[in-house]
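Given chain A's structure and the hints, the job is docking chain B onto it.
Protein chains in written order, with my numbering: chain A, 400 to 805; chain B, 400 to 805.
Rather than coming from a laboratory, the hints here were simulated on the basis of the structure. Each hint should be verified, as a subset may be incorrect.
Now the in silico label distances, taken between C-beta atoms and shown as ranges [as the list claims (entries may be wrong)]:
{"id": "1", "chain 1": "B", "residue 1": "Asp504", "chain 2": "A", "residue 2": "Gly518", "range": "20 to 30 Å"}
{"id": "2", "chain 1": "A", "residue 1": "Asp659", "chain 2": "B", "residue 2": "Leu454", "range": "53 to 63 Å"}
{"id": "3", "chain 1": "B", "residue 1": "Gly432", "chain 2": "A", "residue 2": "Leu658", "range": "17 to 27 Å"}
{"id": "4", "chain 1": "B", "residue 1": "Leu620", "chain 2": "A", "residue 2": "Asp573", "range": "53 to 63 Å"}
{"id": "5", "chain 1": "B", "residue 1": "Met400", "chain 2": "A", "residue 2": "Leu658", "range": "53 to 63 Å"}
Mimicking PhoX-like on lysine-lysine, the simulated pairs with C-alpha atoms at most 25 Å apart in a straight line are [as the list claims (entries may be wrong)]:
{"id": "6", "chain 1": "A", "residue 1": "Lys608", "chain 2": "A", "residue 2": "Lys710"}
{"id": "7", "chain 1": "B", "residue 1": "Lys715", "chain 2": "B", "residue 2": "Lys730"}
{"id": "8", "chain 1": "A", "residue 1": "Lys509", "chain 2": "A", "residue 2": "Lys710"}
{"id": "9", "chain 1": "B", "residue 1": "Lys787", "chain 2": "B", "residue 2": "Lys608"}
{"id": "10", "chain 1": "B", "residue 1": "Lys722", "chain 2": "A", "residue 2": "Lys525"}
{"id": "11", "chain 1": "A", "residue 1": "Lys525", "chain 2": "A", "residue 2": "Lys564"}
{"id": "12", "chain 1": "B", "residue 1": "Lys525", "chain 2": "A", "residue 2": "Lys505"}
{"id": "13", "chain 1": "B", "residue 1": "Lys505", "chain 2": "A", "residue 2": "Lys489"}
{"id": "14", "chain 1": "A", "residue 1": "Lys757", "chain 2": "A", "residue 2": "Lys730"}
{"id": "15", "chain 1": "A", "residue 1": "Lys710", "chain 2": "A", "residue 2": "Lys725"}
{"id": "16", "chain 1": "A", "residue 1": "Lys419", "chain 2": "A", "residue 2": "Lys505"}
{"id": "17", "chain 1": "A", "residue 1": "Lys505", "chain 2": "B", "residue 2": "Lys489"}
Covered stretches of chain B (in silico footprint by chain A; criterion: 3 or more residues with CB under 8 Å from a CB of chain A, positions within the stretch not fixed) [claimed, not checked]:
{"id": "18", "stretch": "427-436"}
{"id": "19", "stretch": "455-463"}
Being a predicted model, the structure only gives us computed values, none of them experimental. The C-beta atom is built at its ideal place from N, Cα and C for all residues, glycine as well.
Number of protein chains: 2
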Amino acid sequence: MALIVQKYGGTSLAHADNFKHVARRVAALRDQGHDVVVVVSARGDTTDELLGLALEITPEPDERELDLLLSTGEMVSCALLAMALKALSKEAVSLTGLQAGILTDKAHSKARITGVDPGRIQRELKRGQIVIVAGFQGVTTDMDVTTLGRGGSDTTAVALAARLKAGRCEIYTDVEGVYTADPRIVPEARRLQDIGYEEMLELATYGAKVLHPRAAELGLLYDIPILVASTFVEGPGTLVCKGVTMEAENKVRGIAHDLDVAKITMRGVPDRPGIAAAIFEPLAQANISVDTIVQNASLENVTDLTFTVAKGDLTKAMKVVDKRAKQVGFKQVLADGTLGKVSIVGTGMQHTPGYASKMFRALSDAGVNIHLITTSEVRITCIVDGAKVPLAVRALHEAFELAKPQ
Amino acid sequence: MALIVQKYGGTSLAHADNFKHVARRVAALRDQGHDVVVVVSARGDTTDELLGLALEITPEPDERELDLLLSTGEMVSCALLAMALKALSKEAVSLTGLQAGILTDKAHSKARITGVDPGRIQRELKRGQIVIVAGFQGVTTDMDVTTLGRGGSDTTAVALAARLKAGRCEIYTDVEGVYTADPRIVPEARRLQDIGYEEMLELATYGAKVLHPRAAELGLLYDIPILVASTFVEGPGTLVCKGVTMEAENKVRGIAHDLDVAKITMRGVPDRPGIAAAIFEPLAQANISVDTIVQNASLENVTDLTFTVAKGDLTKAMKVVDKRAKQVGFKQVLADGTLGKVSIVGTGMQHTPGYASKMFRALSDAGVNIHLITTSEVRITCIVDGAKVPLAVRALHEAFELAKPQ
Numbered sequence: 400m401a402l403i404v405q406k407y408g409g410t411s412l413a414h415a416d417n418f419k420h421v422a423r424r425v426a427a428l429r430d431q432g433h434d435v436v437v438v439v440s441a442r443g444d445t446t447d448e449l450l451g452l453a454l455e456i457t458p459e460p461d462e463r464e465l466d467l468l469l470s471t472g473e474m475v476s477c478a479l480l481a482m483a484l485k486a487l488s489k490e491a492v493s494l495t496g497l498q499a500g501i502l503t504d505k506a507h508s509k510a511r512i513t514g515v516d517p518g519r520i521q522r523e524l525k526r527g528q529i530v531i532v533a534g535f536q537g538v539t540t541d542m543d544v545t546t547l548g549r550g551g552s553d554t555t556a557v558a559l560a561a562r563l564k565a566g567r568c569e570i571y572t573d574v575e576g577v578y579t580a581d582p583r584i585v586p587e588a589r590r591l592q593d594i595g596y597e598e599m600l601e602l603a604t605y606g607a608k609v610l611h612p613r614a615a616e617l618g619l620l621y622d623i624p625i626l627v628a629s630t631f632v633e634g635p636g637t638l639v640c641k642g643v644t645m646e647a648e649n650k651v652r653g654i655a656h657d658l659d660v661a662k663i664t665m666r667g668v669p670d671r672p673g674i675a676a677a678i679f680e681p682l683a684q685a686n687i688s689v690d691t692i693v694q695n696a697s698l699e700n701v702t703d704l705t706f707t708v709a710k711g712d713l714t715k716a717m718k719v720v721d722k723r724a725k726q727v728g729f730k731q732v733l734a735d736g737t738l739g740k741v742s743i744v745g746t747g748m749q750h751t752p753g754y755a756s757k758m759f760r761a762l763s764d765a766g767v768n769i770h771l772i773t774t775s776e777v778r779i780t781c782i783v784d785g786a787k788v789p790l791a792v793r794a795l796h797e798a799f800e801l802a803k804p805q
Numbered sequence: 400m401a402l403i404v405q406k407y408g409g410t411s412l413a414h415a416d417n418f419k420h421v422a423r424r425v426a427a428l429r430d431q432g433h434d435v436v437v438v439v440s441a442r443g444d445t446t447d448e449l450l451g452l453a454l455e456i457t458p459e460p461d462e463r464e465l466d467l468l469l470s471t472g473e474m475v476s477c478a479l480l481a482m483a484l485k486a487l488s489k490e491a492v493s494l495t496g497l498q499a500g501i502l503t504d505k506a507h508s509k510a511r512i513t514g515v516d517p518g519r520i521q522r523e524l525k526r527g528q529i530v531i532v533a534g535f536q537g538v539t540t541d542m543d544v545t546t547l548g549r550g551g552s553d554t555t556a557v558a559l560a561a562r563l564k565a566g567r568c569e570i571y572t573d574v575e576g577v578y579t580a581d582p583r584i585v586p587e588a589r590r591l592q593d594i595g596y597e598e599m600l601e602l603a604t605y606g607a608k609v610l611h612p613r614a615a616e617l618g619l620l621y622d623i624p625i626l627v628a629s630t631f632v633e634g635p636g637t638l639v640c641k642g643v644t645m646e647a648e649n650k651v652r653g654i655a656h657d658l659d660v661a662k663i664t665m666r667g668v669p670d671r672p673g674i675a676a677a678i679f680e681p682l683a684q685a686n687i688s689v690d691t692i693v694q695n696a697s698l699e700n701v702t703d704l705t706f707t708v709a710k711g712d713l714t715k716a717m718k719v720v721d722k723r724a725k726q727v728g729f730k731q732v733l734a735d736g737t738l739g740k741v742s743i744v745g746t747g748m749q750h751t752p753g754y755a756s757k758m759f760r761a762l763s764d765a766g767v768n769i770h771l772i773t774t775s776e777v778r779i780t781c782i783v784d785g786a787k788v789p790l791a792v793r794a795l796h797e798a799f800e801l802a803k804p805q
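Same shape as in the complex, but just chain A:
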């Protein structure tokens, strides 16, 4: 009998009935003889409601205080789930991030887990307790409450699974697993039985909202198999793991997309050392996350430089770049806030010819113009017109025959 870490997200814990449902699931797992640690998110819209309270007080809430405020959402969830389990006559105990020994740095609102002190959880497990842990939160060495930012509860679950040497980590959510593409765009998209960490990382980063990239990274680092499955529909889910099945090697596993892409192009940039730093340092200082960066081959000592940002950051990024334009001397700065991304994701594509050309051909046949291309070990991404993204996803899903069982 192994130790299993489960995580239930906010949509799985919206109402009292959800808590009772989750409690029955957890109790059934315990009845099989497993040790069980359950990580919970805040109920439904709680985090947004708490944030709303803060914004009623001040438009820029202090981050330390906001962390304490938001952390209460997960505390409420873990107390309620422990109650629901005890109402089923199961031994259960709730632990806050602090009590569970989730130690973090001091970066409020986006803290990184620096370690897990497993003493309390291990004592409770030894006493036969089901342990319910408030996700998304930790504590600094000064005993200040922090939150982990986006994907925080997923990260808590995988970190605990790693530290406690769990046999498996199970992430329960409102989807049935990882699909070959977003089923809302491609109705014939197929659930994947398993997927590699790096592939999952690319799928998650590029728009699949199933498992947060930070959690997938941790899984990769500590080699924790992560099952992603539905709280509501019984099913096998998708296992994120190292050992992908042999036949899946060198295959496109899925199509990812992202509609939140804006592009800034600087034309006629003097091609001399330090230019890139001069542009991207002030962007970083303005807390703007730059995604894809493409620099064209230099011609007569001037070059074109293009990068993408989230649409919400476009105005701020343009201000920073316009200011630099005068200092550095670009010819022209262009912005386009109507873009999207499509990616084919699969292990080993970079070392196998034919994938890229097949992708470009499929997009071309579908009448989709490509603005930018970037690649990684496990991904080829094209930036295209936002309006063409659904068309592009369907074309690629068909071209790579993803609806067929692999």
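Using the frame of chain A, we list chain B on its own:
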């Protein structure tokens, strides 16, 4: 410049505007150069809402889990108030009960404070911070969150004032102070400028919901002057302290009342040693709080025994007593669930003749029949028909000339 501990109750912190109002008050105090620690309750109806969530899950929520759940209400308040102060450019820091070093025993839902570790608060004060503490909560030596039960936030405030050797403790609420009687019953009731701890204790126990008796007890024990005043209306409030003004000695200070009184009378009880224990032990085991107990003089080795309980406990108490009646052999058990109490409260009455007789005369003249009489050092209480309580309070307020400035 002294250290001042302030406490704001839930009605003072219902909406965002309330938080801003309280923040301005606290900031003004800080601007006078004082060190300030603020204890906060949960916003408005938050505690009831959280309890409602628990009851949706199970009719009998586990007390440890309920404590964690309910404690989040005060955490939300302290984070929001700290944000509001920072929005006014004041240095402020929120602390949970755990962070503030509020140590308690393990009696979940009604924990007692066993000590205060003031290290963190003192460090924050030294750094120039206004310290906002979540009231009503503490932590056990196992780092489990506890709540202090009724009057918990008042108790937190006075305990902190005692441990930090504060110059004063100020309890802000929705009333303007302690009155000679409930102004809703006696329109001409007068606010008292000051009142002794013992007197306050009797007034609070016997129905004045201004300062919780536990807090008044702590104030008495550590000699902490406690100002009770309104959050909303500027005014001097009432100072609860040891040194009541000389002229107030041996005077009736106020009329207290309580409508939640039920009476059980056992007639023909064999008058032998151990009888009282045989009756009251099983009541205590059933967790029924017995208030007044009166035993009549024995006649022919049988006696009458009467006691009062809260109305909500009457049915349960009758079951316990009926069961004993057969074993012990009473003649008759009578119950009356329609009673109330009126008390005159003042220091030194017991040693001064005339107060009791004046009280009985006033009630008699008003046509109020007395069921039971009990006395303490600072109080004379009559149990009367519940319907007659308002009449009785008004008659006593007039007989002791409480509307006149003392």
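So, going through the hints one by one against the coordinates:
no.: 1; hint: B:Asp504 <-> A:Gly518: 20 to 30 Å; in the structure: 22 Å, holds
no.: 2; hint: A:Asp659 <-> B:Leu454: 53 to 63 Å; in the structure: 42 Å, violated
no.: 3; hint: B:Gly432 <-> A:Leu658: 17 to 27 Å; in the structure: 56 Å, violated
no.: 4; hint: B:Leu620 <-> A:Asp573: 53 to 63 Å; in the structure: 55 Å, holds
no.: 5; hint: B:Met400 <-> A:Leu658: 53 to 63 Å; in the structure: 58 Å, holds
no.: 6; hint: A:Lys608 <-> A:Lys710; in the structure: 18 Å, holds
no.: 7; hint: B:Lys715 <-> B:Lys730; in the structure: 20 Å, holds
no.: 8; hint: A:Lys509 <-> A:Lys710; in the structure: 21 Å, holds
no.: 9; hint: B:Lys787 <-> B:Lys608; in the structure: 21 Å, holds
no.: 10; hint: B:Lys722 <-> A:Lys525; in the structure: 43 Å, violated
no.: 11; hint: A:Lys525 <-> A:Lys564; in the structure: 15 Å, holds
no.: 12; hint: B:Lys525 <-> A:Lys505; in the structure: 21 Å, holds
no.: 13; hint: B:Lys505 <-> A:Lys489; in the structure: 21 Å, holds
no.: 14; hint: A:Lys757 <-> A:Lys730; in the structure: 36 Å, violated
no.: 15; hint: A:Lys710 <-> A:Lys725; in the structure: 24 Å, holds
no.: 16; hint: A:Lys419 <-> A:Lys505; in the structure: 35 Å, violated
no.: 17; hint: A:Lys505 <-> B:Lys489; in the structure: 21 Å, holds
no.: 18; hint: 427-436; in the structure: violated (count 0)
no.: 19; hint: 455-463; in the structure: holds (count 7)
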